[in-house]
Structure formats: structure tokens, C-alpha cells
Amino acid sequence: DIRMTQSPASLSASLGETVNIECLASEDIYSDLAWYQQKPGKSPQLLIYNANSLQNGVPSRFSGSGSGTQYSLKINSLQSEDVATYFCQQYNNYPRTFGGGTKLELK
Amino acid sequence: EVQLVESGGGLVQPGRSLKLSCAASGFTFSNYYMAWVRQAPKKGLEWVATISTSGSRTYYPDSVKGRFTISRDNAKSSLYLQMNSLKSEDTATYYCARQGKLPGYNYFDYWGQGVMVTVSS
Numbered sequence: 001d002i003r004m005t006q007s008p009a010s011l012s013a014s015l016g017e018t019v020n021i022e023c024l025a026s027e028d029i030y031s032d033l034a035w036y037q038q039k040p041g042k043s044p045q046l047l048i049y050n051a052n053s054l055q056n057g058v059p060s061r062f063s064g065s066g067s068g069t070q071y072s073l074k075i076n077s078l079q080s081e082d083v084a085t086y087f088c089q090q091y092n093n094y095p096r097t098f099g100g101g102t103k104l105e106l107k
Numbered sequence: 108e109v110q111l112v113e114s115g116g117g118l119v120q121p122g123r124s125l126k127l128s129c130a131a132s133g134f135t136f137s138n139y140y141m142a143w144v145r146q147a148p149k150k151g152l153e154w155v156a157t158i159s160t161s162g163s164r165t166y167y168p169d170s171v172k173g174r175f176t177i178s179r180d181n182a183k184s185s186l187y188l189q190m191n192s193l194k195s196e197d198t199a200t201y202y203c204a205r206q207g208k209l210p211g212y213n214y215f216d217y218w219g220q221g222v223m224v225t226v227s228s
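Sequence order for the protein chains is A and B.
All residue numbers for the first sequence refer to our numbering, where the first residue is 1 and numbers rise by one.
All residue numbers for the second sequence refer to our numbering, where the first residue is 108 and numbers rise by one.
By construction, these hints were calculated from the structure, which means they are not laboratory data.
Note that CB positions come from ideal geometry on N, CA and C, so glycine has one too.
Please note that a few of the clues may not be correct.
[Said to hold, decoys possible] Stretches of chain B that chain A covers, calculated by requiring three or more beta carbons in the stretch to come under 8 Å of a beta carbon on chain A:
no.	segment
1	147-160
2	210-223
[What the hints assert, rightly or not] With beta-carbon atoms standing in for the labels, derived distance ranges:
no.	chain 1	residue 1	chain 2	residue 2	range
3	A	Pro8	B	Ser163	35 to 43 Å
4	B	Gln220	A	Pro8	22 to 30 Å
5	A	Ser77	B	Lys126	42 to 50 Å
6	B	Asn191	A	Lys103	32 to 40 Å
7	A	Gly100	B	Ser137	32 to 40 Å
[To be verified] Think about it this way: if two alpha-carbon atoms lie no more than 27 Å apart in a straight line, the pair counts; the simulated DSSO-like pairs of lysine-lysine are:
no.	chain 1	residue 1	chain 2	residue 2
8	A	Lys42	B	Lys208
9	A	Lys42	B	Lys150
10	B	Lys149	A	Lys74
11	A	Lys39	B	Lys149
12	A	Lys107	B	Lys149
13	B	Lys208	A	Lys103
My request is simple: use the sequences and hints to build the entire structure.
As C-alpha cells, then:
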């Protein structure tokens, strides 16, 4: 199984700040990497797919990058509505696996 | 508008069975793989099952293989998850999710609101 290690597990940032979340795969996943946002009490929503493609309707302050085993999600100019838990997920191989999540809070 | 609406959750005793349903609308259901993903209380996401467009191929993680069965009815635009021999560790919110069928597009692009399953005596 491909293990997805996300860091940090939690993060506190101020409005307007830039935030980075990392995701490390245990083997090469060839950019088959998605990022999801889950707000409290809600279902996950797709933000980024293929490591760096922005899903329709997602604000441009979100961006993804990376290749091979190392990937990252960047949020520019943090907004209050960005408070959520973020998950990475690989879809290169079965079983599909998720990172443990990064809980983002406002400072 | 894509909509996925799960139903069938509830409280069930260990060792018993439960069947979840997901009603899909707003897209051509038969053109997409479909999946179930669960989330235990205060925990992360765990993929549970995937089914191909025709239903001929199914995929499961070891944690549910042999106990859970995913199926679909394309005529009814419905997805199902038959859960047998339930264990306390199956307690979770279960999400129905749409999954792209082509390599490189296998991510979950739409999710339902989720249905809670509690396994307890």
C-alpha cells in the first residue's frame, strides 16, 4: 500500500498569510495526487487534482505543486472561510489512500 | 447540478448487516466509476470500495474485503454498499463519491453529504 504522510497535522495562521501543507508519498505516484478541503460538519470538496490542476470554482489563491513522492498545497492570502481540514489522496494505485489531514485554524 | 444522496445508515449490532444506498442525479451515472469513502468520528478519510461503470470490476481495501460488497444499478442511477459482519471499527460516516474512470482522472470529484453508521451492542 502507498502511505501518504501529511505535515503539519495542525496549523495556525493569520488572515492574509500564506500557508503551505506538505504531502509525502511512500513511492512515486506520478502526480496522481488530489487535495480535498473539509469544513467542520461538511463533506470533503475537491480542490486540486493531478497535483496542480485547480478544480472548477475553487479560488485561485489555492495552488498545488510537486512530483514523484513530494507534493504541496499552497494557500495565498488566507481567508476566514479557509478554516478547514485538508487531506491529500493518491489515486495512482489501489488501495486508494489519504494523508492523515491538516487542521487549519486562524491565529 | 451533480447530487449524491446517501441513505440507509443507523445503529446496528456487531455481526449484523446493513445496506447503504446512494441516489445520483445531475450527470450520466453510467459513465463514471463510483466509490464509498468513510470517516470514523474525529478521524481521517478511508477509501472503502470502488466499482467500475458496468459493475464488472470492484475494488476493496483489506479492511473490508470479504465483508462489504459494492454494487450499482445504472438504470436507477443508484449505488449500494452491502455491509456484512459489521464490527465496532466500521462505525463511521459513509460518503458516496463520484470517481473518474480514466487513468489520471480517478480522483473523487463530487461527494454526498454522508450517512452515519454506528456499530454497537
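The hints, checked one at a time:
{"no.": "1", "hint": "147-160", "verdict": "holds (count 5)"}
{"no.": "2", "hint": "210-223", "verdict": "holds (count 11)"}
{"no.": "3", "hint": "A/Pro8 with B/Ser163: 35 to 43 Å", "verdict": "42 Å, holds"}
{"no.": "4", "hint": "B/Gln220 with A/Pro8: 22 to 30 Å", "verdict": "29 Å, holds"}
{"no.": "5", "hint": "A/Ser77 with B/Lys126: 42 to 50 Å", "verdict": "46 Å, holds"}
{"no.": "6", "hint": "B/Asn191 with A/Lys103: 32 to 40 Å", "verdict": "34 Å, holds"}
{"no.": "7", "hint": "A/Gly100 with B/Ser137: 32 to 40 Å", "verdict": "35 Å, holds"}
{"no.": "8", "hint": "A/Lys42 with B/Lys208", "verdict": "25 Å, holds"}
{"no.": "9", "hint": "A/Lys42 with B/Lys150", "verdict": "14 Å, holds"}
{"no.": "10", "hint": "B/Lys149 with A/Lys74", "verdict": "24 Å, holds"}
{"no.": "11", "hint": "A/Lys39 with B/Lys149", "verdict": "13 Å, holds"}
{"no.": "12", "hint": "A/Lys107 with B/Lys149", "verdict": "22 Å, holds"}
{"no.": "13", "hint": "B/Lys208 with A/Lys103", "verdict": "30 Å, violated"}
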